[in-house]
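One letter stands for each residue in the lines below.
Protein chains: 4
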Amino acid sequence: MARLLDNYDPGPQVAQCGAINVGTRDLEKSLHFFGDLLGMEIVAREGGTAYLRGFMELTHHSLVLTQQEENVVNSYSFRTRRAEDVEILYNELQRQEIEAVEVPAGTELGRGTAVRFLVPGSEHPFELYYDIEKPLAPEEIRSKLPSNSSRRRGLGVRRVDHFNVQTSRETINQAEQWVRDNLGFNRREYQLHRDDETVLASWMSVTPQVHDLAMVANAEGKKAQLHHMAFNLENMSDVLTAADVLADHEVHFDLGPGKHGIGQAMYLYVMDPGSGHRVEIYAGGYLIFDPDWVPIKWEREKFTDGLTWYGDPFVVEGAMRSLATTPSAGLDLAR
Amino acid sequence: MARLLDNYDPGPQVAQCGAINVGTRDLEKSLHFFGDLLGMEIVAREGGTAYLRGFMELTHHSLVLTQQEENVVNSYSFRTRRAEDVEILYNELQRQEIEAVEVPAGTELGRGTAVRFLVPGSEHPFELYYDIEKPLAPEEIRSKLPSNSSRRRGLGVRRVDHFNVQTSRETINQAEQWVRDNLGFNRREYQLHRDDETVLASWMSVTPQVHDLAMVANAEGKKAQLHHMAFNLENMSDVLTAADVLADHEVHFDLGPGKHGIGQAMYLYVMDPGSGHRVEIYAGGYLIFDPDWVPIKWEREKFTDGLTWYGDPFVVEGAMRSLATTPSAGLDLAR
Amino acid sequence: MARLLDNYDPGPQVAQCGAINVGTRDLEKSLHFFGDLLGMEIVAREGGTAYLRGFMELTHHSLVLTQQEENVVNSYSFRTRRAEDVEILYNELQRQEIEAVEVPAGTELGRGTAVRFLVPGSEHPFELYYDIEKPLAPEEIRSKLPSNSSRRRGLGVRRVDHFNVQTSRETINQAEQWVRDNLGFNRREYQLHRDDETVLASWMSVTPQVHDLAMVANAEGKKAQLHHMAFNLENMSDVLTAADVLADHEVHFDLGPGKHGIGQAMYLYVMDPGSGHRVEIYAGGYLIFDPDWVPIKWEREKFTDGLTWYGDPFVVEGAMRSLATTPSAGLDLAR
Amino acid sequence: MARLLDNYDPGPQVAQCGAINVGTRDLEKSLHFFGDLLGMEIVAREGGTAYLRGFMELTHHSLVLTQQEENVVNSYSFRTRRAEDVEILYNELQRQEIEAVEVPAGTELGRGTAVRFLVPGSEHPFELYYDIEKPLAPEEIRSKLPSNSSRRRGLGVRRVDHFNVQTSRETINQAEQWVRDNLGFNRREYQLHRDDETVLASWMSVTPQVHDLAMVANAEGKKAQLHHMAFNLENMSDVLTAADVLADHEVHFDLGPGKHGIGQAMYLYVMDPGSGHRVEIYAGGYLIFDPDWVPIKWEREKFTDGLTWYGDPFVVEGAMRSLATTPSAGLDLAR
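Protein chains in written order, with UniProt numbering: chain A, 1 to 335; chain B, 1 to 335; chain C, 1 to 335; chain D, 1 to 335.
Simulated from the structure, these hints should not be mistaken for laboratory data. Any given hint could turn out to be false.
Unchecked claim - Chain A is faced by these chain D residues, among others (derived, beta-carbon under 10 Å):
1) Asp26
2) Arg152
3) Ala247
What the hints assert, rightly or not - Examples of chain A residues lying across from chain C (beta carbon under 10 Å, computed):
4) Leu200
5) Asn235
6) Leu268
7) Met271
8) Pro313
In this text the structure is predicted, and so the values were computed from the model without any measurement. We put the CB at the ideal spot given by N, CA and C, even for glycine.
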């Protein structure tokens, strides 16, 4: 079969969510939240920046917290399928006349060279990279299971799950189409505006997950907002335990716990007390292995079932709740 | 990017587990077990053959039960990534001088043309197909969720998860290598014999699951045995509920409930009272998105942790338990 | 020690919730809900009346459904600690000049003589009895576990848990005090009105449960309303499964799933599609073994935590939700 | 009703399990296990003694760990229903010519006067007391829920659940009868030896739990052994999480996780790494509210279902596993 693969080049496809790099006004509070409560490992700290990962992540980090004046998203980063994809992407961006910046290896600790650009239309700062270190955890927290980096701790965050980003209604179709055409994202489920053309929300993935990336129209017309970053737990019952413990720590609940009809996963939306970014505690959901999956289109009259199959409702008296979002940094990032 | 894909041909890669087709001496008992207890939908019955699926499967079936004298496995079938892969595979088998049979569309109800062959070395009867119908469930059991075919029922089997097959120690390396080279399976975790060469067990997948297919050396040197078929539940707590209910129905327990270190999923092995085939009730586990995943090699002294992280142990006083397996049919299947 | 007990008479104390007897306009729909979905055993049907129990109840029934024009509560019944307590209560009611009716043995199938009266103040029709049959379930559904009457089925209702009843603000203190003084109920947690005297809600029990009976002030001044009857499941995850399945059957959700701060149990409130009575699907909670338990008083500013620790909130913009309730029958019940 | 209670004296009945006081050769290791892993609060330390409680216990402690040469049980203590019961018991012991010792208030920190004696037959050191302080937890770990003393932490031990003690076959009937006659314990489930007279195991309670105290015949004829102390978690899924985490900390597993047929609770037996005492991680089970409960007698051929409904079996090839037990201190305890 090997010969068939010789001249194969599917373009710079994305393999997985890498990390989200966010600013926080109160790093210590954010570290208490993500580290002590959610149970993520603090892999490294360098100056005002901390690198964290879940106990099932072997790679260096999936969350970067930086002490900053503004609670912005510095980058959404994704790993490519192959080492050469980073350069291929850079060339392709040139060809499409999309401004791109090379982020040198080590800019994020443990990570190789990345290409940084703003998604056409949305202005979300994406970074694509392939190389990343896989450091062993310190012996005192290392797991006996080789597929875990450290032992399960706190509320048991296993790994980053997905990012949910918002952009303006005017440009969402362009942005959503662009990541599908250029990065290998597949639409899995979606909702359209009344015009039956404009994307209201699109759940997309490069993996069998229902979404690694969701794009949603921003009600206020903003172009590059984070709705939430999601972290994955083992079971739906773990989301209940998380709700129990986080309520007792007076972490602000936004919505949930509940179950989405879209994706069929359990959700709990809370705000990181340090940064104010919304974090989804997430478990369950279905996987798509069908090679001929037909994206599920949600009709308007069923939106509520899609957003909230059961639990605390997203839609209250016709309006969407949960509008608070946080902005993104631009292309050039002085770090 | 499209131009890059023009001359792309990765060979007849497998997209997902399709179905297992097994004989049962007591079809009614098997249907009670899979249908009433496990909660699978009986999509169709035709003569002595019944087609079943889990409530999250939109395709026609993932389990075929046929009233037969012998409790054999008639076929393991897999869907390919693309329609043309079925023919490409047929040609490739010709080229490799592996005997293959065309299984006409409709031989399994709702399914298109398949290619049937015995995996070199192992003699496991594999069938690859692409086309399969996606019938709506009857209205009285249809789910409101478009990603489900029917409503959750009984013990809540969502979908087929994986197949675990055995072959002889003499030929396992050939068989394991063949499916990796020719069907796109990736080794995820594995164990070797004392010789550090011969595969004792290999967990392989074409998806981010740790395994869609496991191959294990058969202790008695048999070439084409089923160890178990696995069906997927939503949460680990569902496995406990299944254990509770199945114990009360006097279904024979083989092992579990417990958790594998390998794959990190919850297991419960029971015997279908109709056919005697071993069925794994399965939930949880981790997903592999890393494009540079290094297969985990389990050293001998840690095998027990790999097989049983907690729960009813697989390894009792040095010997593997759970040896009972069921044989497979040959290449030509009179159906 | 025995000599010490010779002259012991603690009065007609209640041992446990017995059953709730409700009217339903659509008995078949109610039976589908409680029997097929919730998984209760239909122990007997006689005319338009059906008797049900959970799989962990050895006594004859805990729910009586009667085809009736009005969806009323015909009775709340409780078992006494001792056989003689029924007569002692009758005499005590005479002494207090409270009208009481003897309900002959067999009026509810399988049950002995009961005393029926309206709780002073509230007008809730209570029936106290001691004798009740403990029939074996039919062999085809009987459990192998002697502490279960039948095998776990459907969504797994184990037993009745508690009743939550409403009465008017004017009379609630009288009614709440009366059941504590005369039936052995202990206050476990409670809330008072702004006047710091009038009971807003009181959770009371004769067992270590936080409540077998809750009394709540009715916002509309009605004297004898059912807020809900609660049935008990094994685990909090079972409440999630129930929510999943009931949503797919279009059963009307009132509130939840969520967790109460008061009692610390998981809740899901749904409406029986046949009768419109509110039913709480309930799991977890804490038990009180402390002999010197000090009833927990909830201050007004913490009411919301008490009602909803997490989940779909009871209190929306200052107003209590979930006001719909169903009335009770009077003292004389023509059955 | 009050007048009826005037001359009521049921004897010195037990209200609940109080605490277990055990020796440990390695106090720090035991504190890591019970405190950091199981999540119990260390309420106080005084010399080589530490006092712990679960997050749902308002009383001072339910576990006392003392650095000692021998890993013995210093005492099993129980709270009485009323303050005067302690003296009543002392007098009754005198009457029965059972040696008893007064343990002064404060001997266990926070606790009032207790009476210490050896259970006739078994020689288990029991202490009965009523008064115990209910200290608030330090503010930094205090729960917002008034029914919790501290926030849920670690693996989530809520409270002590029960003690399982062993005594010799020769004296078990005497001991079991004595606690039933004198302390108010009720038989809930039991097994007899082949002679159909001698108790093999008896599960007894003073609460609706199936057991607060189990007595089992010791295979080696020892008179006062601890089989295990049990601590209670919220859900069965919490027992799985505990198994997961404890396995990764190399805590020795004895049996489980699994479910008992007797009591229907989930179990996991592990050994405290500091002391070697067996600890049961316990969740679920049924409650007995029936005033006329008939103790369930388990016939020999069903013992295995009773001990292990599912999971890691207690009975392997005819022999009971889990024989390791730890001894008790005598009547006079120099502390």
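These are the hints, each one checked on the structure:
Taking 10 Å as the C-beta contact cut-off toward chain A, the hint placing Asp26 of chain D at the interface is violated, the least distance being around 18 Å. For Arg152 of chain D, the interface hint holds, since its Cβ comes within 10 Å of a Cβ in chain A; the closest pair sits about 5 Å apart. Against a cut-off of 10 Å between C-beta atoms, the interface hint on Ala247 of chain D holds, since the closest Cβ of chain A lies about 8 Å away. For Leu200 of chain A, the shortest C-beta to C-beta distance to chain C is roughly 22 Å, which exceeds 10 Å, and the interface hint is violated.
Taking 10 Å as the C-beta cut-off, the interface hint given for Asn235 of chain A holds, the closest approach to chain C being about 8 Å. For Leu268 of chain A, the shortest C-beta to C-beta distance to chain C is roughly 8 Å, which falls under 10 Å, so the interface hint holds. Look at Met271 of chain A: its Cβ only gets to about 15 Å from chain C, farther than 10 Å, so that hint breaks. Look at Pro313 of chain A: its Cβ gets to within about 7 Å of chain C, closer than 10 Å, so that hint holds up.
The earlier numbered hints that this structure contradicts are 1, 4, 7.
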